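Visitor: If you read the sequences in order, they're chains A, B and C. First residue of the first sequence: 33, per my numbering; consecutive thereafter. First residue of the second sequence: 9, per my numbering; consecutive thereafter. First residue of the third sequence: 10, per my numbering; consecutive thereafter.
Some hints could be false.
Computed far set for chain B versus chain A, every beta-carbon distance over 10 Å [claimed, not checked]:
#1 Ala-10
#2 Ala-41
#3 Leu-75
#4 Asn-100
#5 Ile-164
#6 Leu-190
#7 Phe-296
#8 Leu-305
Now the stretches of chain B that chain A is said to cover, found in silico as 3 or more residues with beta-carbon under 8 Å [unchecked claim]:
#9 216-229
#10 267-278
#11 284-295
FYI, nobody ran anything at the bench for these hints, they're computed from the structure. Note that the coordinates shown come from a computational prediction; the quantities given were computed from them, not determined experimentally. Using N, Cα and C, we set each Cβ at its ideal position, and we do this for glycine too.
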Amino acid sequence: MRKTLAVSALALMAAGATQAQELRFMCYQDGAECDAWAEAFQSFEAENPGTTVVVDVVPYQAIIESLPIQLEVGEGPDLARITDYGGLARFLLDVRPMVSDPDLIEARYGPSLAWARVGDNAPDGIYNIVDQLTATGGFANATLFEQAGVEMPGPGASWADWAEASRAVRDATGVDFAMAIDRTGHRFAAPAMSFGAALFNDEGEALVIDDGFRSFSEQFVAWHEDGTLARDVWAGAGGGTYQDAAGEFINANLVMYYSGSWQIGRFGRDIGDAFDWVATGAVCGPAACTGMPGGAGIVGLNRTEHPEAVAKLMEFVARDDIQAQVLAQTRNLPANAELQANGIAYQDVTPEVAAALTAFAASVPDFSDTAYALQGYQFNRAVYTNIPARLTQAIVGELSLDDALARLEQDVADAIAEAR
Amino acid sequence: MAAIVRALYEGAFNLFEKPMQMLQYSLGAHRMAWVFLLPNLLIFGLFTYLPILLNVWYAGTSGDRILLGERDWTGAANFATLLDCGSYLDPNTCRRDLFWRAVHNTGWFVVLQVGFMILLSLIAALILNRNIPLKGFFRAVFFYPVLLSPVVVALIWKWILQRNGVLNAGLDWAGMPTVNWLLDPSWAFFWIVFVSIWANMGFYVLILLAGLQSIPSDVYEAAEMDGTPAWRSLLRITLPLLTPTLLVVMVLSLIRAVQAFDEIYVLTGGGPGSATTLLIQYIYDVGFATRPRQFGLAAAASLLMAGVLLVLTLLQLAATRKRAEDG
Amino acid sequence: MAEVELRGIVKEYGAVRVVHGVDLTIEDGTFCVFVGPSGCGKSTLLRMIAGLEDISGGDLLIGGERVNDQRAAERGLAMVFQTYALYPHMSVRQNLAFGLENIRMPKSEIAARVDEAARMLKLEPYLDRKPRALSGGQRQRVAIGRAVVREPKVFLFDEPLSNLDAELRVSMRGEIAALHRRVGNTMIYVTHDQVEAMTMADKIVVLRDGRIEQAGAPIDLYNRPVNTFVAGFIGSPRMNFLPCKVTGHDADGLTLQDAQGRPLRAAVDGRTVGEGDTVELGIRPEHMHPDPEGYPVQVENVEQLGGESYLYVRTETGVALTAHLSGQTGLARGGRAFLAIRPEFAHVFRKDGTALPRLRLGELEGDTRT
């Protein structure tokens, strides 16, 4: 009896070895992204018997710090949810040869697919399916504007308009800060481009310090000196450390806050009905009205032993219906062109959140090519982390702005040289 | 109960006795020493010496790859980059100005922090060594911060020093102008020195107290009989007899000041600008925080720092030896 | 130079009184030794005189001046500590000069005094050494030198020889005695060693539990101890005590009877005791010697030192006695012996321990063997 059991167990295992495939998916979430995907994968598993997907939910820090090291030494999951496509480009799996309809994916996700087509990756490869498009943009405390009796700048308003209006509101209401911008080059890049910064040279290499970049940098430092921008955010840290001002905005201590669409969920939850707030969409400069696109997406990793299964899963993830279903739960902006055009029926959202999502979604199509190029640039992290380090030195008076910009250009060049 | 423990304990010894005897018989008493050293050597080798060797290797390579095989050997290039300066006194003339800013900051930090900490610890120890009321309470007060994690220390002080913090609330209440303490480079530097003294001095007060108490009381009685004024007793008796302890305290605090990182990183993040960026943070920033990661440069910077620490450690060993001889 | 006078000196630590109203006068130039078992308060008394301990009650006079409230240095005293208490980081020269520098004495005079003290104490070769490079005896001489250079009114010594080995102790004893002869100052010396006390003192003060038991010249204390404590403390080996009953008295002394009814005589004034009173007869070991007519005992142990011998014996009533004989003895362990207890050597103590006045002193009558 015991013998027969053992034999049948062996037989089962042998059968499993030929058929059953387990895909490990390393996932981080701002909100409920991993939970939503885990739910969606149940239908994938139903459609593909023998393939199971294990979702390992990890903190974002693990994606940033552990995953690259695992991959470097040849370990790691089969799929992951990441944001740094350029940095991990050489570990990504091109699923184009294995999916049934690559052209459909190309049509739906074209702009964001380019973000992973860097370095030695195929220029038409399909490496990533973005499930959370983000866009930088402003938020304004409408209640404060109302109290101050100041008219809120409308769509298409410039940085100068916002600065003037925010200062007026701050002075009238007595709150601490007029404007704040998150401490990262990613946020800084958007107004810089709106002021005319080209960022890239003719060979497509960053970072070029041109008149546009310089003129926003001057304005940026001047706004710190006259108190328009909250000094605490940029001067409150050193090096390339990221710092936001969401807390000040939530506490109604800040009139206008330049951050990004990923804050919508948090504001909806934490502000509640304490005050009215609106998303301003992109803010304009003399040259453009662009924000920075960005986004988390799911990638296959080329170390996987089941590339076919990974490709199948990627195609599943890319499907319009699946994206619509997941994004409705996660309340994220779609990267999928079809969904961008038709909109998503978000579940259980307040009118403010819905309006903000719409405002951000509406601003995305106007984003400049440079913005997409920077997001897809292999060494964009070198730009993002070095800008705050150097600009802060100019803000606190450690370096003249000219010296700071010269150092910035050199730092980025050194960092890129190191990585090549 | 005790008997059971004892039986087990002795049983364990008996268990090892035979194999150990046989081992000693076959190896000889001399080589037997290595058998006992082996576990320690393995642990040290694996977790100390091997990483040091790897660090040296990394310092000679460039690139953002982790596997040494995928990195390019560049020899002393990283050191050359770090040491490439017009004048070491002006970081702006250096190729890696942030490294030299960190060196300068660390230098000032070490001088000020160690100087004031020793002075304050000495004063505190001298006072606590007298028969003052609530002596035990005050000793605990001084030592308590040492027990806190550096992160907790930094968060406590951040809470005190931030724009709407306790200190500014107090100043405001007293009708005095408030200051954004951590956003002004000079004030921020003052506060990292202050906070790290606050967090660490209890430890040195304790060592100095032990040193003071190891001075025989009859020497003071002899001085009393000799009609020695208090200040002369301090200068001619207490300080000379405390010198070995002071030396140990100085070198220990020097080493720790050069290594300062955690509470400062949490308190100011090295800012504003680079006003409070010390060496360890520079290494962390270059090697891990900014992308792409420049492991080679970070490794080279940490080796340069290790050289300084080595000198300080040798000083400490010499000081400890002298203390042992004097004691 | 000064007389030291203690009037009702009391020391209390909180509620605990450790010195109970000591009255004592130490005449100018006297070498006075405080002696007693540990915890008797002798060191505390010395430290109160020195100014290292506060005086809880009573008056301390030095040279006729009340100094209770003066600091140690102002009292014009110098002290030599048991542990030497040298400044370990200073050379011998600096150790000697330190106290003089405190009073801003001119450099030339400091040098003169240091040189003189060094010559007197044979410290010249060591002047530039640190204390840790000196032997115990040398260190003690430095400590004495440090006291000498200050030319104090009174020298205080707190068990200065107890950290030295026996041989060195004897020679240092001589040096301190010589120092006293040379400088002639008042010296107060604390020891628990009655031999030191006997050999050095002009005046011995025996202390017990914070009280003076007896003060006087060494030989007076030996000859006329006022109670069993002093009798037992002064003299080595200890005095023997034999419980007795008074059976009668006459002009020559007392008639006693031991527990077995054996008669004994003591040349003491017995007017204050009555017949039948319980007393203790005291006899020093060196005053007992074999005598066929003597008191029968059992020999338990014999120590032959060549020039002298010790007999450890037990009476028939079980009392242990020691006899110190000059020369050698033929008595052997386990044997029977008879020891003379002569009336002119006997002390008699009442039940409360106080002594009866002796009528004759055998010690002064020459040969003890007649």
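Visitor: Hint by hint, say whether it matches the structure.
Guide: Status of each hint after checking the structure:
Consistency note on B/Ala-10: stated as away from chain A, and its beta-carbon is indeed over 10 Å from all of that chain's, at 48 Å minimum. Even its closest Cβ contact with chain A, about 38 Å, leaves B/Ala-41 beyond 10 Å, as expected for a residue assigned away from the interface. The claim that B/Leu-75 lies off the interface is violated: its Cβ sits roughly 6 Å from the closest Cβ of chain A, which falls inside the 10 Å cut-off. The Cβ of B/Asn-100 does not lie farther than 10 Å from every Cβ of chain A; its closest approach is about 7 Å, which violates its non-interface assignment.
With a minimum CB-CB distance of about 17 Å to chain A, B/Ile-164 clears the 10 Å threshold, and the non-interface call stands. B/Leu-190, annotated as away from the interface, has a beta carbon of chain A within 10 Å; the closest lies near 7 Å. Distance check for B/Phe-296 against chain A: the nearest CB is about 8 Å away, which does not clear 10 Å, and the non-interface claim fails. With a least CB separation of 8 Å from chain A, B/Leu-305 falls inside the 10 Å interface cut-off, contrary to its annotation.
Coverage of the region 216-229 of chain B by chain A is violated [criterion: at least 3 residues with CB-CB distance below 8 Å; count 0]. Residues of the region 267-278 of chain B with a Cβ under 8 Å from some Cβ of chain A number 3, which satisfies the need for three, so the listed coverage holds. Note: the region 284-295 of chain B has 4 residues with beta-carbon separation from chain A under 8 Å; the three-residue rule is met and the coverage holds.
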